[in-house]
Amino acid sequence: MMGSGQKKPYIFLAMAALIAAFLSFIGNSIAWHISVIDAFPGMMILYAICLAGIGIKWILDKIGVLKKLPTFAWIMLVGLLITLPGFPGSEIVVAYTKKVAFLAVCTPILAYAGIAVSKELSRLKKVGWRIAIVSLFVWLGAFLGAAVLAQILIVLLGL
Amino acid sequence: MAEKSILEKLRPYIKLHIAIIIIIVISEIIGVLKFKVWIAMITLFPMLYAVVLGLIISPKILGKVIEPLKKLVSEEEVKIASPFIIGSLSPLAAKYGVLVGPHVPMMIKYGIPLIAQNFAATIGTILIGLPVGLLLGLRREAVGASFDICREPALAVISERYRLDSPEGLGTLGVYICGTVYGTIWWAFVGSTLGSVLGRVFHPLALAMACGPGSASMMTACSAAMSLVFTEIKDAILAFAVASNLISGVIAVYYDSLVTLPLADKLYYVLKPVLVRSEEGKGVK
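Each protein sequence line maps, in turn, to chains A and B. So for the first sequence, the working numbering puts the first residue at 1; every next one is plus one. So for the second sequence, the working numbering puts the first residue at 1; every next one is plus one.
Keep in mind that the hints were calculated from the coordinates and are not lab data. Beta carbons: idealized from backbone N, C-alpha and C, even for Gly. The reader is advised that the hints may include incorrect statements.
Said to hold, decoys possible - Some but not every residue of chain A turned toward chain B, in silico, with C-beta under 10 Å:
| no. | residue |
| --- | --- |
| 1 | 26 |
| 2 | 27 |
| 3 | 36 |
| 4 | 38 |
| 5 | 40 |
| 6 | 41 |
| 7 | 73 |
| 8 | 77 |
| 9 | 145 |
| 10 | 149 |
| 11 | 159 |
Unchecked claim - Calculated lysine-lysine pairs in the PhoX-like style (CA-CA distance at most 25 Å, straight line):
| no. | chain 1 | residue 1 | chain 2 | residue 2 |
| --- | --- | --- | --- | --- |
| 12 | A | 125 | B | 15 |
| 13 | A | 125 | B | 70 |
| 14 | A | 119 | B | 266 |
| 15 | A | 125 | B | 79 |
| 16 | B | 15 | A | 119 |
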């Protein structure tokens, strides 16, 4: 069942990424009214970045370097490098990938996550209402703590 | 014969994706919704409906009641869904990369607040989370629940210091599970409401950075919601949230074990006599 995912993890990842890229077209055209034709080049650039990142991870795993860094980090690094101001062709990459709405790329992830997380519902029942309420305040505290210090520093530094 | 067995093998994958397509189409048709509640703006968007729809069509909820739904999404489909999350994160990683790249010069300019605010986030979790936990009747669990936003690094730190089945560990694990189930929804709520309310006084980029301390999906939900509030600079909002998320991921384990966990532990003994004095005689555990 999950054998295909474990035997050839890189190929599985590349295929799952391709499926997700196609699923993103749904949202891109329905909610953001960007036609599939307009979004296609940008989506293919994003997918090429994915393949480059997966390829880097594959090679590094083989030679046993930086094994702790996840594929996600390598994909992001490739995307970041080729869009740095001054990188040859960076404007073209930025212009095309703008046609792929950020939110449209997120929807497939959360659809999978919703189905997968349903396993955790029974564990959630055991957590208890106190922790469930505290969790909301813990996250709120994280946001406020970070926002307040960032704001103070931005004002102090005159940014 | 061989062909049939391949089809049999693919069946749960096809069924899963029929369900996924249905969820996405419904979510995207509903689209972005904005509500004004007093001075706050609450923003709802497709990824939130997708996670809720995914949860409720599961065999544990609606599948129990509606027979055809259980046939489409059974325990087997639920099991094979997880590996696809990592796969579908790849295009998002690429999108993040191309969002951050053009903003790198701007990030260097804002480097000090961008890095420093991550250290304040976990102080915020303790200052708010610990007293609330104590007032609600938690004891040592409150220390584990509040010394971090409780994602994977926190689980690692708490299990090494106290074990995961200690009261402290159960506090961390509890918040972790809550985060997995409804963390995205709450962070989207925080991102849109506090983004719209505090945005009148705070620098939008300060608020964008503050979306960073949680998991990647919490940060995504928070910054996505906020990008719908500050539409003119939406790319910068997303880029700064991503950068903050990366930095917090790098510092989490070291900072948690050296600073925030000892701090939460100390503060517990300071706050407990103040906040739970009245219960002392009742012999509460």
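Quiz item: Should the hint that residue 36 (chain A) touches chain B count as held when the rule is a Cβ pair under 10 Å?
Solution: violated (13 Å)
Practice problem: May I ask you to test the interface hint for residue 73 (chain A) with respect to chain B, counting a Cβ-Cβ separation under 10 Å as satisfied? | Solution: Constraint on residue 73 (chain A) satisfied, holds at 8 Å.
Practice problem: Please verify that hint: residue 27 (chain A), Cβ, nearest Cβ of chain B, below 10 Å or not. | Solution: holds (4 Å)
Quiz item: Does the nearest C-beta of chain B fall within a distance shorter than 10 Å of the C-beta of residue 26 (chain A)?
Solution: holds (5 Å)
Quiz prompt | Interface hint compliance - residue 41 (chain A) to chain B, C-beta minimum distance less than 10 Å | solution = violated (13 Å)
Quiz prompt | Given pair status - residue 266 (chain B), residue 119 (chain A), alpha carbons within 25 Å | solution = At roughly 36 Å apart (the allowed maximum being 25 Å), residue 266 (chain B) and residue 119 (chain A) break the hint.
Self-check item: Cut-off 10 Å, beta-carbon criterion: hint that residue 149 (chain A) touches chain B
Solution: holds (4 Å)
Quiz prompt | When the least beta-carbon distance from residue 159 (chain A) to chain B is tested against 10 Å, hint result | solution = Since chain B brings a Cβ to about 6 Å from residue 159 (chain A), closer than 10 Å, the hint holds.
Self-check item: Agreement of hint residue 77 (chain A) with chain B interface, Cβ distance less than 10 Å
Solution: At 7 Å from the nearest chain B Cβ, residue 77 (chain A) passes the 10 Å test, so the hint holds.
Self-check item: Interface hint for residue 40 (chain A), Cβ within 10 Å of any Cβ on chain B
Solution: Check failed: Cβ of residue 40 (chain A) comes no nearer than 13 Å to chain B, outside 10 Å.
Quiz item: CA of residue 125 (chain A) to CA of residue 79 (chain B), is that 25 Å or under?
Solution: It holds: about 20 Å lies between the C-alpha atoms, which stays within 25 Å.
Quiz item: Would the hint on residue 145 (chain A) stand, with a C-beta cut-off of 10 Å toward chain B?
Solution: Constraint on residue 145 (chain A) satisfied, holds at 2 Å.
The structure shown violates the earlier hints numbered 3, 4, 5, 6, 12, 14.
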